[in-house]
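Novice: Given next are the chains, with one letter for each unit.
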Amino acid sequence: MLTLNFQRLFPLLSKLISSHRDSGTIELNRKRIYILPTRRGLVFAVFLLAMLLGSINYALSLGFVLTFLLAGLGLVGMLHTYRNLAGVKMSAGGAAPVFAGEMAEFYLCFDAPGARPAIGLRWQKQPPQWIDLLEPGQQCAPLLIPATQRGWLVPSRFTVFTNFPLGLFRAWSYADFGMRCLVYPKPLTNPLLPLGENADQSGALATQQEGAEDFSGLREYRLGDAPRHVAWKASSKNEVLLTKQFATPGAATLWFDWQILREPDTETRLSLLAGMVLEAERLQQAYGLRLPGKEYAPGVGVAHQEACLTALALFGKADTEHAAAKNISFPRES
Amino acid sequence: MGIRARRTVAPSWPPLPLLSGLLATLALAIAPHALRLPLWLIVLVAAVIAWRYLAAQEKLPMPNKWMLLTLAAAATLGILLQYHTLFGRDAGVALFTLMVTLKLLELKSARDVWLVIFLGYFLVLTHFLYSQSLFLAAYLFFITWLFTINLIAFSQPRAQLPWRTQFKLSAQLLLQAVPVMLVLFVLFPRISGPLWGLPSDAFAGQTGLSDSMAPGTISHLAQSDAVAFRVEYAGKLPSPILRYFRVLVLDRFDGRTWSAHRARPMNDTLQPRGEGTRYTVTLEPHNKPWLPVMDFADPASLPLGSQLNADFSVTQKESVQQRKRYSATSYSAFGGTLTMEADDLPRALQLPPTGNPRARELARELRRASRDDLDFANKVLAKFHNEPFVYTLQPPRLGSDSVDEFLFDTRRGFCEHYAGSFAYLMRAGGVPARIVTGYQGGEFNQLGNYLIVRQADAHAWTEIWLDHRGWVRVDPTAAVSPSRIEQGIASALPAGEALPLFLREPSPWLKQLQFSWDTLNNRWNQWVLGYDQERQVSLFARLGFGIISWQDLGVYLLIGVGSIIGLLALFTLRGRAEFTGKVERAYAAFCTRLARVGIVRGVAEGPLDFATRAKTLRPDLAPRIEAITRLYVALRYGAEAKLEWVRNFMQMVARFKTKR
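Chains as they are written, first to last, in the working numbering: chain A, 1 to 334; chain B, 335 to 994.
Everything labelled a hint here was simulated from the structure, so no lab data went into it.
Here the structure is a predicted model, which means the values were calculated and not measured.
Heads up, the beta-carbon is just placed ideally off N, CA and C, and yes, glycines get one too.
Where hints are given, some of them may not hold.
What the hints assert, rightly or not - Ranges between beta-carbon positions, derived for each pair:
hint	chain 1	residue 1	chain 2	residue 2	range
1	B	Leu-904	A	Glu-102	58 to 64 Å
2	A	Leu-134	B	Asp-943	54 to 60 Å
3	B	Ser-558	A	Leu-134	54 to 60 Å
4	B	His-418	A	Leu-53	25 to 31 Å
5	B	Lys-993	A	Asn-29	56 to 62 Å
6	A	Arg-290	B	Tyr-971	39 to 45 Å
Chain A on its own, in the form it takes in the complex:
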């Protein structure tokens, strides 16, 4: 419902703002909050004008009183709308990797000085998402952004806004925490390459039997571990989360090789490989990955899967794996 397109009205200013990158915690204040009437506010003003003309024409003193009271209401509403954003502290959490086609969840944390209902978050042309900050202390919520392509999803600037309480004005602010989310290729399963308990040695896959998977023990939970490997029962008795570890001795080793795939299209190949990685991981079969110029020795487990999927996500992109690892962090449960 943002009708006055700020970017169109003030392109230069907008550019200046968008190039600014925030770090750490920002506080929404006078320097950051913009406020303009909404379309609803403009219609309200037209109504007030009509009421004023009626009052003048019919010399209705109480008509003046009502019109001026509503005008005052509008102005006071503007202050309250501004106040609804003012003093809110905002910081960025992380975003767990997702597959293309899913929604990336960029965690944002807010600390409101008082009750601040109906705060909207908007990214580009996506429908806004709402959060009510009614409790003291920190509150976190994900900003959902569709992940369309593999690689790094960098939403850069998003808008935090509010129309509360009357909807006649909109106060908004921009924030860019430099957040990014790793997007894995959308996994595809290849019907020609069935991966099952008895995967036969068809041409595309070099399978090497190394023995059945084996539960080998527990270790402390690390960020990025798949939730299904979390040993919930064991964790409940301990202070920390524990992850199950599996040894992969003896099972057949699968090699997923870029070169062997016949599909001409890079993206499809990557998607197929991602599908294979997931399937192998589901079956807890050790697998290795060969990409042009890169090879991942066979293995199984969360860290291995993550390394393989990251490699697929960033295949052909400038960014390196190393940089990625630093950014992948999962926010604490809010």
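Place chain B on chain A using the hints.
Specialist: Leaving out everything else, chain B in the frame of chain A:
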């Protein structure tokens, strides 16, 4: 703590609680129109509101586009048939009410809802076309508050705040808007006169004297307790027998009805005699151009734009459509050369050629037996006084020879009967005579120090022309019922006659209450409703601004509104940390309470140290001090806090008593 995507507009939108609130508010906003709108329209409006409510509960289907169009067209036609127009005040209000209501059946998006709310605000304004009384103003302020709650409720796309919070917020916003309203109200430049032509029915339904008098017109008016005008006297209140307020002079008689010729301005030079009475009239609008003045107004004292006529009535160019305030000075008599113009005399003697034969005969008889014109008049008055004439609010109906029937048969009448027949007899006896209509008496409000003159005080009397004396007032009603003139209408009516409720003598405290209420209304009229260009200019002149122009007002207006918004901004944006602020204030209250019993917190003393010290000094309070301090530390320094904790903390402090 998830975030959901924007609510999509489902058929079940708006949610039932929100919709119910909107429907109820709209119904309450329309309610005062119920007595003015035709019954079928009221039924239709109620049915549409009920329909929308049942549709929201899925007990009835929503109407489709065609049904809606048909309904709108049919109802519009109905209004057209009812009022013979779609414009004008009454038809316009009916149409507007209809359209706002029908919009309820077409709430598809948030946009439709806020349009209905804005139209609702406008609906509130339409009531002021009919009445601007204090009661209605209070009621409509309440309605405005309700509409604002709706606006707030529909501005929350997700979960609703508790209703109580929304009620409070709406009240808070409106109260904060009041200073802005006051500044705008006082400073917004007023213009006189309408911007465009007003519909002919804009001021319909205002009561007052009409420009003619027939048997029954004034007694009908006397049933109304509506205030005609209020008078503030600069000096002493004149006695009732002097309080004749002249409105119109009627000198044309067609056998039944007395009416006025076009008034001509006073050309004679007047020399006031005796002491003048200075007063200010606040006239209720009556949609006629005349201004009541006490007999006899000094032309030099009259307000600008008004004119003293040769018959001592005062008129202005336009009809009085708003409450009007004006001052005048009146003298009990004027000396000088009062002349009758050439065509005045035949006019003052004119009678229809036929009719009322018995009255003509009586006049000739009495005139023959009289020494002069004055003696003749006294003989007629004596007849009224001595014969069994009755003064009554319910005179019998009269036929074609109304004067004859009244004088010889019915003998029951109100002031217009006595004045009319007296003037007839005078003319028939060759004495120039005319009718004066106006108001007489009034009720003094000691509380507000002003005279209230109601429509019930409407009166008709006569004037006869005497050589060397000019026009002399003769009030035949006084001959029949002197108490009408001295004590007012209530005392003059026969004991058995049913009085209108307001004319009955109430108990003293009720009278006091009535006076207080009227005083309040008078102030309201003077300062709120009567605040027009004239008042605005005079207010600023009195404040020492001189004659203020609208440009000046505009500048002051911007400064005023700007500084109020600035102050409000300071006020609302100060103390941004509301949660912490609440906790700190509560803790300070806790410390103050302990300080009162001698346990003062040191400047650098931490809360925990302070608590330990306090506990040893007041072991009886130890558990409470402990609990409060723990929660305080958790709220101020802990990583986590909940709104509930803040509330608990404030409650604990509120309940903390240091009394042993």
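Novice: Decide, hint by hint, whether the structure agrees.
Specialist: Quick rundown of the hints versus the structure:
no.: 1; hint: B:Leu-904 / A:Glu-102: 58 to 64 Å; verdict: violated, 48 Å
no.: 2; hint: A:Leu-134 / B:Asp-943: 54 to 60 Å; verdict: violated, 34 Å
no.: 3; hint: B:Ser-558 / A:Leu-134: 54 to 60 Å; verdict: holds, 57 Å
no.: 4; hint: B:His-418 / A:Leu-53: 25 to 31 Å; verdict: holds, 26 Å
no.: 5; hint: B:Lys-993 / A:Asn-29: 56 to 62 Å; verdict: violated, 45 Å
no.: 6; hint: A:Arg-290 / B:Tyr-971: 39 to 45 Å; verdict: violated, 55 Å
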